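Asker: Chain by chain, the residues:
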Amino acid sequence: MSLSCRGMSFSYEVGGTQLPALRGVSFELPAGGSLALLGASGAGKTTLLQVLRGLDRADSGAVLLDGVEPDAAAYADLQREVGLVFQAAELQLFAATAREDVAFGPRRLGWPEADVTTAVEAALDLAGLPAGDFGERHPYSLSGGEQRRLALAGVLAMRPRLLLLDEPFVNLDPGTRRDLVAVLERLKAAGVTLLLATHDVDLAWSLCDQRLLLADGRVEAVGDWDFAGAGGSLLAANRLREPFLVELWRRLGRAPESAPRTAAEAAEALA
Amino acid sequence: MIDISGLHYRYPGARADALADLDLQIGEGEFVAVVGANGSGKSTLARLAGGLDKPAAARRALACGHDLLTEAGRLAARRDVGVLFQNPENQLVAQCVEDDVAFGLENLGWAAPQIRRRVDEMLSRFRLEDLRLREPHLLSGGQKQRTALAGVLAVPRRALVLDEPTAMLDPAGRREVLAAVAGLHAEGLAIVYVTQEMDEVVTADRVIALERGTEVYSGSPSGLFADTGLVRRLRLGLPAAGELALALAERGRGPVRLPLTMDELLAGFAGSA
Amino acid sequence: MKAAIAQYYPGSSPLHRLDPRAKFVAVTALAVALFVRDSFFGLGVFAVAGALAYGLSRVPVRWFWRAFKPLLWLVGLTFLAQLIFAPGEPFFSFGFFHVSWRGLELAAFLSLRLVVLVLMGSVLTLTTPPIALTDGLVWLGRPLRRLRVPTDELALMVTIALRFIPTLLVELDTIMRAQRARGADFRSGGPGARVRALVPVLVPLFVLSFRRADDLALAMEARCYRPGVVRTRLHPLCAGWGDAVLLGATAAVIALALLV
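Protein chains in written order, with the working numbering: chain A, 14 to 284; chain B, -9 to 263; chain C, 307 to 566.
No lab work stands behind these hints, which were simulated from the structure alone.
Warning: the hint list may mix true and false statements.
[To be verified] The calculated SDA-like cross-link candidates involving lysine to any residue, where the alpha carbons are at most 25 Å apart (straight line), are:
id, chain 1, residue 1, chain 2, residue 2
1, B, Lys44, C, Glu459
2, C, Lys375, A, Thr275
3, B, Lys44, C, Lys375
4, B, Lys44, C, Phe516
5, B, Lys44, C, Asp521
6, A, Lys201, A, Val27
7, B, Lys44, C, Val535
8, C, Lys375, A, Thr30
9, B, Lys44, C, Met526
10, A, Lys201, B, Gly227
11, B, Lys44, C, Ala523
12, C, Lys375, A, Val27
13, B, Lys44, A, Ser156
14, B, Lys44, C, Tyr531
15, A, Lys201, B, Asp43
16, A, Lys201, A, Thr110
17, B, Lys44, C, Leu524
18, C, Lys375, A, Ala234
19, B, Lys44, C, Cys530
20, A, Lys201, A, Ala234
Quick caveat, the model's predicted, so the values are computed rather than measured.
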C-alpha cells in the first residue's frame, strides 16, 4: 500500500487553546517501501502515526492510501488495512490465551471464524511465537520480549499492507531486538510497506530506505538523505547522533552518503 | 562494599533458583557492570544487594558491612546502598519533584531544616532546580529518572545499584542519566550497573556476566566481548565497533584485540595499514 | 487534566498561609453550626462570613462556580421539592402543584444553605494543597492511632493516589487508542456491548496498576520507608497567630449566628 501525506496539519485542544502538533507534513512512501521517522521526544512522531492510522482526524491536508482520497468511499476499507503497533504494545494484552488476544483484531473485522484461525496461526508464526508452543499460553506468563511480539502478532493478524510502528525497539534486550528486526525484514520481503518511529539511528539506517526527520511538528528533512553535511548538524540539533557506519565512513575519508547499511556490507567494502 | 559468597535465591513457586551459588565482590569506588540474558538473575541480584529481599542461603552476604541474612542487616543495607530502578514513573511517589526528593529523608526522620538543605543540594546537583515544583506526570522520561536518582541519593550512600536505568529512556534521557552516573563514579561512589546496552558496559572497571543465576565471567569489558562464544550464548550484543570488527575477522581482516569504540577500531585500521 | 474534586488554586493569600488543621476545624465547626438553627439571620451571618473568607482568599470567582456547577442540580432539586411539597396556604396553583409562601421560604432557605455549605468547603479546598490537607487530617486523627487506625499510612495512600490520577488517565487513553487501532469500538452498541468493550481496556489498566504497586513499594523500601515508623516532613505543619485569629473569628461567627 502506498502512502502519500500532503500538507497535513493537526492540533490538540488543551483547556481551550490549540496546541499545534503537526504542521504541513508532506512526504511520499511508495508501496513496499520503508520509512524511518526520527525526531526528539515531543516532535510529533506518535501524533503523526495516530493520524495516519485514522485515530485522529487531521485539521487540514490529506493522507492518501494507495492514491485514494479520504473522502472516497473505498477509504474506510483501506484504513482497515493499516496496522499500528504502539510503543510498549504489550500494554494492550488482555485475553486469557495468546490465540484469543491475537484473534481480537480479525474478529472485530468481522471475518468468518475459519479465516480468523488461519490469520492467528500465521501471525503468531510470523512474529516468532509458533502457535503450537505459544497459542495456549497466558499472555502474562510470557517474558517481556515475548509479550512485545504477541502484541505485534495481534496487529499482523489483521493482514495490514501498511504497518506503522511506534518505537518498537525500546526496552528490548539485544537478542529480542535482533529477532524483531528479522520479523520486519520478513515483512518487507513480503511487500508490506513499513513506517517506523524510532530513536535508534543505526536501525533507521540499516532497516529503512528513507528517513524523515520531524522537529516541532515540521518535516526538517526527508528522503534517502545523507547524514553528514546538513544532515549531520540537523541530527545534532535534534539530539540524535549519526549512524555508526556513516560516521565511520566520514572519518575514513570516504563519502558518507555511500556508507553501507550493515556491518556485513561494511566488512565487504573494507576487506 | 559488597561481599557475597554462595548466594542462593528462589522465587516462591519457582522450579529453579534465580540465583545459584553466586559469588560477587565489589570494592570501594569500583564501577562494575552486570550483564546477562533476561532471566539470568540480574534484577534479583540488584534487589538483594540493596537489602530489599531475603537471600535463601549464603555462606556470606555483606553489603557495606551489613549482614543481608538478618533483618536488621537488610534494613541497614537499605540505608547505605541506594537502588535505582528501570521504570522512572513507578519510583516517584510525591506530587512534586522536591517533595519526592525529600521522601527518603522524611522516612529517616531528619529534621525539616536538614531536609531542606539536602534537597536543595540534590536539586542543584542534578539540575532540577527549575523543576522543583513540577508535577511528575509533566516531566520527560530523563527528568523523571534524574528526579528518582536525586531522591535515592538524597540519603547519603556508600554504594549505588542501578537496574537498567536507561532502558525506557530516549537517547537524550539516556545521556542525562549516564552523565550523572559518571559524575558519581568520579566522586568515588561504588556502582553496580545492570544493563542490556553494551555501549554502557564499555566504561566499566569490570564486567560480570550472569547465566541462569551464576557468574560465568568476571573481568574486563574487552575480555568479555572477545569471547564471542560466550557473547552468543548469553544473547548479548556487541558494541557497534566490535560487531564490525567481528565481520571483518570473518573475512580474514581481523584486528588482534577486539575494539569496543570507533576510536579503537580506527586505531586498529591504522595499525594494520 | 485535573480532577474537579479537591481542586487547589495556588496562591499566597492570608488564607493560603494558614495551617490546614485550623482551616479544617473551622470549616467543620461552621458546617455543623449551619445546620443547628433554621433562621435566615443565622444563614445570612454564615453567608457573609463565607463570602468574606472567599474574598480574602483572592481566588477568582469562576473557580467557585466550577466547584459548584456539579451540585447545581442538587440545589435546584431541593428548591423545587420544597416549593411543591411544603405544606401551607397556596397562593398560586397549577394543576397538581401548589405553591405557598411558606414553601417558597423553605425552598429558598434550604437551597441557600447548601450554597453556603459548598462555599465554605470550597474556601478550604481551594486554599489548601491536598498534601497539606492530608497532613493536617493525619495530625488531627492522631488519637485514632491508639485504636490501631493507620492514619499515617492512609494519608500516604491518598497522596500517592492523587499523584497517579493524571498518569492513569493518560494510560487509559493510550490503551483505548491501541485497542481502537485493533478495531475496538467504544461508542456504538447497547449498554451490554459497551460494557463488554471495556474489558480490553480495563484488564491491561488493572495489570499495569498492580505492577506499578509492586514497583512503587520496592522503590519506597529502597528509600527506607517503613510502615508504622513516624516520618518527618519537608514542610512541617506550623500553627501561628493567624490560625488563632481564624479560630477566634469562627467562634465569634457561630456565636453571632446562633445566639442572636
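Asker: Decide, hint by hint, whether the structure agrees.
Answerer: Do the hints match the structure? See the list:
Note on Lys44 of chain B and Glu459 of chain C: the hinted pairing holds, with a Cα-Cα distance of about 24 Å set against a maximum of 25 Å. Proposed proximity of Lys375 of chain C and Thr275 of chain A is contradicted: the alpha carbons are some 62 Å apart, above 25 Å. As the CA atoms of Lys44 of chain B and Lys375 of chain C are separated by approximately 53 Å, the hinted pair breaks the 25 Å bound. For the given pair, Lys44 of chain B sits about 22 Å from Phe516 of chain C by alpha-carbon distance, which is consistent with the 25 Å threshold.
Between the alpha carbons of Lys44 of chain B and Asp521 of chain C the distance comes to roughly 17 Å, so the proposed pair stays at or under 25 Å and holds. Of the supplied pair hints, the one linking Lys201 of chain A and Val27 of chain A is violated, its CA atoms being roughly 38 Å apart against a limit of 25 Å. Between Lys44 of chain B and Val535 of chain C, the direct Cα distance comes to roughly 21 Å. Compliance with the 25 Å bound is thereby established for this hinted pair. Distance hint between Lys375 of chain C and Thr30 of chain A is fulfilled; the C-alpha atoms sit about 22 Å from each other, no more than 25 Å.
A C-alpha spacing of about 17 Å is found between Lys44 of chain B and Met526 of chain C, which places the hinted pair at or below 25 Å, so the restraint holds. Taking the CA atoms of Lys201 of chain A and Gly227 of chain B, the gap is about 24 Å. The hint holds against a cut of 25 Å. Only pairs whose Cα atoms come within 25 Å are accepted, and Lys44 of chain B paired with Ala523 of chain C is accepted, the gap being roughly 16 Å. Proposed proximity of Lys375 of chain C and Val27 of chain A is supported: the alpha carbons are some 21 Å apart, at most 25 Å.
This hinted pair checks out: Lys44 of chain B and Ser156 of chain A have alpha carbons roughly 24 Å apart, not beyond 25 Å. A hinted pair counts as satisfied when its Cα atoms are at most 25 Å apart, and Lys44 of chain B with Tyr531 of chain C qualifies at roughly 17 Å. With a C-alpha separation of about 46 Å, the suggested pairing of Lys201 of chain A with Asp43 of chain B is violated against the 25 Å cut-off. Taking the CA atoms of Lys201 of chain A and Thr110 of chain A, the gap is about 28 Å. The hint is violated against a cut of 25 Å.
Among the hinted pairs, Lys44 of chain B with Leu524 of chain C is consistent with the structure: their alpha-carbon atoms are about 13 Å apart, no more than 25 Å. As the CA atoms of Lys375 of chain C and Ala234 of chain A are separated by approximately 49 Å, the hinted pair breaks the 25 Å bound. Of the pairs offered as hints, the one joining Lys44 of chain B and Cys530 of chain C holds, with about 16 Å between alpha carbons and a cut-off of 25 Å not exceeded. Restraint check for Lys201 of chain A and Ala234 of chain A: the C-alpha separation of about 23 Å stays at or below 25 Å, so the hint holds.
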